[in-house]
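Q: Here are the chains, one letter per residue:
There are 2 protein chains.
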Amino acid sequence: MNNMVHGKHRRLHPVPLRDVVIDDVFWAPRIKINREHTLAYQLQQCEDTGRIRNFDKAAGVVDGEFEGIFFNDSDLYKWIEATAYSLSTYPDADLEEKLDQVIVRVAAAQEDDGYLNTYFILVEPDKKWTNLGVMHELYCAGHLFQAAVAHYLGTGKRTLLDVACRFADHIDGIFGPEKRKGMPGHEEIELALMDLYRVTGEARYFHLSEFFIDQRGQRPSVFEQEIHNPGTGGKVAHNRSHFMVGETYCGAYAQDHLPVREQREVVGHAVRAMYLYCAMADVVGETGEPALRDALEKLWHNVTRARMYVTGGIGPSSHNEGFTQDYHLPNTTAYAETCAAVGNIIWNWRLLMLDGEARFADVMELALYNGFLSGVALDGTHFFYVNPLRSNGDREREGWFGCACCPPNVARLLASLGLYAYGQSEDGLWMHLYIAGRVKVQQSGTEITLKTETRYPWHGEVKMTMETDQPVDFTLYLRIPDWCREASISINGSSQESKSVSSAYTALKRTWQNGDTIRLSLSMPIEQIEAHPNITNNQGKVALRRGPMLYCLEEIDHDDHVHGMILPEDPGLEAETAPDLLGGITVIRGKALALDRESWNDELYRPSGHTALRVTDLTAIPYYAWNNRGKGNMTTWIHKG
Amino acid sequence: MNNMVHGKHRRLHPVPLRDVVIDDVFWAPRIKINREHTLAYQLQQCEDTGRIRNFDKAAGVVDGEFEGIFFNDSDLYKWIEATAYSLSTYPDADLEEKLDQVIVRVAAAQEDDGYLNTYFILVEPDKKWTNLGVMHELYCAGHLFQAAVAHYLGTGKRTLLDVACRFADHIDGIFGPEKRKGMPGHEEIELALMDLYRVTGEARYFHLSEFFIDQRGQRPSVFEQEIHNPGTGGKVAHNRSHFMVGETYCGAYAQDHLPVREQREVVGHAVRAMYLYCAMADVVGETGEPALRDALEKLWHNVTRARMYVTGGIGPSSHNEGFTQDYHLPNTTAYAETCAAVGNIIWNWRLLMLDGEARFADVMELALYNGFLSGVALDGTHFFYVNPLRSNGDREREGWFGCACCPPNVARLLASLGLYAYGQSEDGLWMHLYIAGRVKVQQSGTEITLKTETRYPWHGEVKMTMETDQPVDFTLYLRIPDWCREASISINGSSQESKSVSSAYTALKRTWQNGDTIRLSLSMPIEQIEAHPNITNNQGKVALRRGPMLYCLEEIDHDDHVHGMILPEDPGLEAETAPDLLGGITVIRGKALALDRESWNDELYRPSGHTALRVTDLTAIPYYAWNNRGKGNMTTWIHKG
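First to last, the sequence lines map onto chains A and B. So the first sequence is numbered by this note's numbering: it starts at 51 and just counts up by one. So the second sequence is numbered by this note's numbering: it starts at 51 and just counts up by one.
So here's chain A without its partners, still in its complex pose (with noise of 0.2 Å):
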């Protein structure tokens, strides 16, 4: 089995992860404490809510009642494959034995006809699938099987996978074309289902997930049914409110307004949204189906050119935990769930593999940095579900949640990263983000290893060096990010015609030599960036950009309000490597107003024109690192004068 027979009308393939070693500044102490810190404390939270024991209490190796949400099982479900990547690419053989442990409960849950869901046996057996627009039944079946693939690829035991299809075969036997129309009112399953494709070539999951994927928008809707016929009672009034538009079936909320070929905007929850438009890549991956295609490119559209977030952060509102409208992305009030910026990142990933156009790669690079980044605390075990652009003081990250998605979202994806860093295509190896470390793969029948040095994301320059036992043709293909408007490429020294632009891939085509060395020197100044108009709550501000780095503006940093500083024409702004601050960072530094307070006494309102300005000092961090110097102020959007 191999992760690279499938997907023919993909032009890029992941390099597996086990051939891809992180070594750098900013990644490698972030992953080091996903695996030391983060993956235990997870495991514990999971034994300590319940999560596990819902398992034993299935297997009816323990007595007791179900415990905590409908849809914890999932929560467990993405610890495995967090765990499972990270023993792909660091063995640790108490680890892995913790994780078979959990394995076997885990298995030992699943019932004879294979289907396996703890709620639903625990609860309300006489339940299953009658309420899918709300129960995740097929969402937590989604998890299981990426999680018995990340096991199966990182450690080559079958114990969980053998699970997986089981249960996969069970779905199987009772949704479909020619027997029982339903899909998940969470999406989920469709990826995973494609990832149970690639790794096991049985094709009846990928004609499930394109079933589930075309069930969607579908009249009338297998959720309006359940409404209108309910099975689960204490969870309908939930569907309900979401899914109706006073008495009229909406379905957005579950991007089930219409067929998905159909879709132009980006609606309803945000995660969902993504996780749908991940599996909609995935077979078009494989079919390369216009029609599916176009949907993807629009809905790509709309959600880069006028509802994400300048962290890559994406869905601004609590009350469907997703999209509004256009143009509607306020600061303080931002959801931005840490889970829709994951779903930005695997999407973009998705969609780069199609065409390797650098524009995915982009945003794909964006929300890793900020929006994503922003989610795990430096200690790895704190984390925002909620991610604001602005806070007045009153946020901070927490150990866990009730509904605890995000957390082991994060886990998974800090473990993973090597995955979202290199692409391979038939003619070459593609460089998506600048990591150092190296990366193992076979170009034209040759085994080459590519060894990258840099201190990127802090520094713009990066110096790959070839190592091959032999001469080998392929091309390497560079990014030059969006950010970057001044590129410049040497091999061995030679400087290279630029023909770099940003947001394109340039293609370095030639027999390369044991030793050979490329470098890559990007254009790293500190921006200002401004929002487009319609963003009003953004108008007479910027956000200041530097690399893939968005900052942001701490109480801690400042002697004034920062919601009332003001970035005057020539703020004087360098950039300064703080190798003490936040784990090592390079902060920017520079000049700002602020209303000088004092001329007010006891007046809440006047007539305007009497505050004088006065100068004082500015210091913005990377906005992922905030909060972690206790609770404050925070603004990314600044008052430009």
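No wet-lab data here; the hints were simulated from the structure. Since this is a predicted model, take the numbers as computed values, not measurements.
For identical chains, the list gives no copy identity; a pair is met inside one copy or between any two copies.
Taking lysine to any residue pairs in the SDA-like style, the calculated list, with each CA pair at most 20 Å apart, reads: (1) 690 <-> 654; (2) 559 <-> 525; (3) 501 <-> 558; (4) 690 <-> 659; (5) 681 <-> 376; (6) 148 <-> 109; (7) 490 <-> 565; (8) 690 <-> 662; (9) 690 <-> 658; (10) 107 <-> 158; (11) 690 <-> 619; (12) 348 <-> 654; (13) 681 <-> 431; (14) 690 <-> 656.
Let chain A serve as the given structure and place chain B on it in line with the hints.
A: Chain B alone, transformed into the frame defined by chain A:
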């Protein structure tokens, strides 16, 4: 009975409503709509929603279950109060007959011991007075008392007053220093008992009011004991979530965090706070107690210096329908409940009566013309519960609400508006609000009528004419509003030495003759107002004000997005009469700048400095009048270039 026999520590007393005639361009049409449309509409709503039927059921006249929310009695009581005020000034035999019929139905529901609350009579007769913190029994009683006082003063009939006194006596038999401890979760009965005391002279009502006020903030709290020993099942969670902070009782939601004399910050539910402070002011009017007066002063300072919108609206948060922190006054999500603006008006009116300080009249006027009046549409039958200062186009007034406190609160304030226009002290007559019409008072033993002619609030010229059968010595106090920086006064054409300053009453002491004419000229330039820098969401923005009127921009009047418009250094703002617009208003016209969207193509964010500005027309309308031409974007705070 006379509502001037009490209040020995009040400098001012109101002029009875029946002695005030309002005959102006601004309020008279609104009061007419209130009388001719709103009252009938709301009576129908009270019938249709079962609010009146609940009384028939409680009386045993009709079968059936209690309908609606447990405190729905209060809405009908407020309608009775509004109707009674209307009858004071506009006798109407048909309306009086309808009112009498309603009162008969209310009275029939009263139990033999005086108890009257249809929810408890019908639903939980054995749970009376067991959950004071949540169940609003005392709150509903208070609205009954206010309705009864208004009915008695307006019609001379004791039918409802007797019902009220019997219920008040019943309550007085249960609660008190030597009896049971207790107080309302939602304040109201305190101020209502003061009204009942003033009209009946019954000191027990005054002492019971004082008792309820003094209970607040005592420990152990009555409400905390109820949480641990709940009386009414379904409502307890509500209680708990609002009164507890984690496992600790707080009580701030209902101002039960501290004894009232120690309270310095306005906290919790805004309407509750206002009604409590009203009663505290009434008690100070009786006792002159310095500690209570001082608490009121601190609370007034806190709200007006840090927690009030520029509209006079208060209570920014929907979470607690109330106050948060100093300077936290978000615009889009502003709660600023209409009832809270009513509370702000009636509290400041009570404070004003203590010493005759103009600052209280200033706040009263501000809230009246802006944050209160926005609560009702020009048609008199659509209402805002919540009054945002900025809309993204999704807000509109509604005909009624499940929790319908605001609509009848609007009706009773409009019907009693005359009460707020004038005041009387031992030495003279006070002009608080300038409204064309007449007031009849006794001064120095002589009945005089003062006639007022003005086109206020659109124009600052006010002409007053004295009508008296004989010369009479007294002082005429004319209020110079806080927003006015140039005022001039002449008597019989002769200019008075201008001692007038903003936010003060000018005292004109003389022997007045029949036909004496006083002319007041209040300068009313258009002003650009800025907010205290600590209200960071208003930074870089101004609000337009002219006279007492705050203005706003509505989408319908503009080609450009109102949220993006920028007021230049010299916008050439001019006031212009628009007799056909929105019932006849004065608009503000001028020039603004708008970002040129044409230069934006397919980007959501880009380096700043490339967006041109172009000149566009600006039309501002009074804030209260917004959303009378359909939904649309609206803003009160405008970017300042």
